[in-house]
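Undergrad: Residue numbers (my numbering), protein chains in the order written: chain A, 96 to 565; chain B, 96 to 565.
Be aware that one or more of the hints could be misleading.
It does not matter which identical chain is used: a pair holds within one copy or between any two.
Unchecked claim - With a cut-off of at most 30 Å between alpha-carbon atoms, the simulated BS3-like pairs for lysine-lysine come out as follows:
id	residue 1	residue 2
1	Lys290	Lys103
2	Lys134	Lys349
3	Lys484	Lys290
4	Lys429	Lys290
5	Lys484	Lys471
6	Lys429	Lys134
7	Lys484	Lys103
Calculated from the structure, these hints are not laboratory results.
Spelled out from the first residue to the last, the chains are:
Protein chains: 2
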Amino acid sequence: MNTGEFRKAGYRVIDWIADYRENVAGHPVMAASAPGDIKAMLPASPPSAPEPFDAILADLDRIVLPGITTWQHPRFFGYFPSNALLSSVLGDCVSSGLGVIGLAWQSSPALTEVEEVICDWMRQMLGLSDAWSGVINDTASTSTLVALMCARERASGYSLAAGGLQAQDRPLIVYTTAHSHSSVEKAALLAGFGKANVRVVPHDGAYAMRADALGAMVQDDIANRRRPCAIVATSGTTTSTALDPIDRIAIVAKAHGLWLHVDAAMAGSAMILPECRSMWHGVEQADSLIVNAHKWLGAVFDCSIYFVRDPEHLVRVMSTNPSYLQTAADGRVKNYRDWGLPLGRRFRALKLWFLIREQGVEGLQARLRRDIDNAKWLAAEIAKSPDWKILAPVPLQTLCVRHAPAGIGGDRLDRHTLEWAARLNQSGEAYVTPALLDGRWMVRISIGAELTEREHVAQLWQLMRDALEP
Amino acid sequence: MNTGEFRKAGYRVIDWIADYRENVAGHPVMAASAPGDIKAMLPASPPSAPEPFDAILADLDRIVLPGITTWQHPRFFGYFPSNALLSSVLGDCVSSGLGVIGLAWQSSPALTEVEEVICDWMRQMLGLSDAWSGVINDTASTSTLVALMCARERASGYSLAAGGLQAQDRPLIVYTTAHSHSSVEKAALLAGFGKANVRVVPHDGAYAMRADALGAMVQDDIANRRRPCAIVATSGTTTSTALDPIDRIAIVAKAHGLWLHVDAAMAGSAMILPECRSMWHGVEQADSLIVNAHKWLGAVFDCSIYFVRDPEHLVRVMSTNPSYLQTAADGRVKNYRDWGLPLGRRFRALKLWFLIREQGVEGLQARLRRDIDNAKWLAAEIAKSPDWKILAPVPLQTLCVRHAPAGIGGDRLDRHTLEWAARLNQSGEAYVTPALLDGRWMVRISIGAELTEREHVAQLWQLMRDALEP
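The following block holds chain A by itself, in its conformation from the complex:
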């Protein structure tokens, strides 16, 4: 494809995206595909000869679109909002078009320096002190893995340079709660700690970590010749946006020299609102922190910001310096290859730069405030309706809901919940996420798609009640 062909085909791709977004409310929210539907439409083998671009574009409509779950739909209330605002999409297109790779600063100085500045913009927007340095990772899963590796190396005196984790005489222990994200246990297991050394700290009635219980568990491990290593606390858990008390957890961390990692992947976006910052009070005491700009804030996936207090330690754990990556600029610049797992990196900062400039901080703040108001409104409506229950505090935009008519409980209630949620999702009119809370199914409603206004939330509420009847 030469540049002339690219211009023509590119315009059509832009129009295709615009058409999709314009008609997004006309698509079913959840794809109606059955397993294997898409695969069956694709040729089993690659084409030998080139195909015309028309054929490729036509297959987007014929094959891809029917298999798309519509994350930008105004009645998408599943998982978390992943807004991919259109200005951010364009920033990402520029990144693809430039096709540069960050290996060393010299392999594209702008890639590194724009990332540096934009991460610092984000730091300021979140109300964090200038003691933090940021880097863009793909996902929070990766950042949590990096955090636990860094914790492991600090606690073990850089065992990676010697006998590794397998040479430890006293097992290193990680603490979190049953409500932390699935990626936390996964990271601990992949970092080699072992499931037997991951402690599940009890939570309180609001699903937040109990700092007193944490303290007791740490004491117990020390008494039993184990070595407490890291705490992963969550500001806004996946299931219910529960807020672990960072300040009180930090006291335990400080007292025993534990690494404190704060996962604010979803709720961190809310910290661009000064009125929300009390929710992560104590965050300045943490060692590392994640905020995903690709969720509620509106950057196209993937764009997860990992903040650290001690970048030198991060670099000491992650760095490699082969001759073919050394340049004369080393020592005077950041080489982000030494800030995480992958060597190469996309120019990811562009999508965040475009987003922040096109929206302005005030524009982003106004949208998030709208969503929080919508969640409060829906919570109030549900709370005053017979048989419906709000099961957890609603500090931000996520609601945990159950329809629990008198006389139904236990497994029967679970079936009832899963049935009405499935009816709702299969209707294609709205999309919610069933999840377990205290061992029983409930429905999780996550508000915050860009197009979601009060009317769509009201429609959801009606659809939920309609879904009770088969």
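Given chain A, work out where chain B should sit, using these hints.
TA: Frame of chain A; chain B shown alone:
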């Protein structure tokens, strides 16, 4: 930005990319920026109010372009070709525009099933048997880390579900050579093995692993109550495209039950040419394999294919299954979240799908053959020139070169090499990568940018000779 504004701005972005690519040969190959230049042009704080799109686009020219090292330049011979062909760019734009995230199959069925089929297309293109299953990761660094974690868990009987790596009584050992990529040692260290348990197997005169030496080291470790765990072999090393003898290494792996991981990140693309496949003879005996589609092949970064023989083992090591990700389709579909480190994933298969269809397999093959011919031509020219030396075999498109006039050696020769390479790179006319070989600097020339024709290789050869004089 609404869809109307997006159409207008999007056309301009497409034109901006087309203009950049059209004039790519007019840019200096290596960015002329000094450290801090870009940062100094960016506002220290984010804008409160929205900015017009004009201002953003203007800053691409004013701030970003001067800091871009031109990877698509026809005289880019640095690192490795990362072609980002324009059809692939458009596939990536569609991915950004759709803004879907693969968490579970249901969160976008098309994302999962297109990836499944396109990875299988790649398998066929590379001449691999259908015993392999593929998944797209960001980079080879990540895939190698995943491979070593999987090796660790197989050798330790899934220690992650118990005491972890820290509970091992006999240390697990990893084997590789000094010529494997920097990400191999990094992965071993991050996976917790410890540097003391990474064995550097001697290489032969062509910089390939000596299978006999490997066998002896494995025996020695067993005799000393250590547990050999994994071998990382390379098909096409970074420095010189050396080819470890996979078939002979596989015999050692089989004899002692070691995991064999093959890193063909760069050279793997060449295996779409049947005449090259003898280079990785024995690959079917490996447990895991990486081929980066975002290098020579032409997909936009990031698009690294990780192939495994035993996906069930991969899933057993990587899986998490929290309630909020469970759906009715589970068990009948692939959930790629359980195939690697990150939970969420972009619709990365689109850029590869667009590329393969627009080029056709024959189109991709023709380009790679052109590049291999160009490398052979340059190697022959250099070999017949007085004082110039080709330092390693040239199986594909990478040359290791030194200008070594009589009477210059040791540190003085190193200075001479670094000086002419720096002059060449600073000229902006061409870009090469200095690297160490046998402890001495040489210049590495990697041929294979999409626009690089014989005339550009001839120009490089002239520029190299010109650069000898200050």
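Undergrad: Of the numbered hints stated previously, which ones are contradicted by the structure, given in increasing order?
TA: 1, 2, 3, 7
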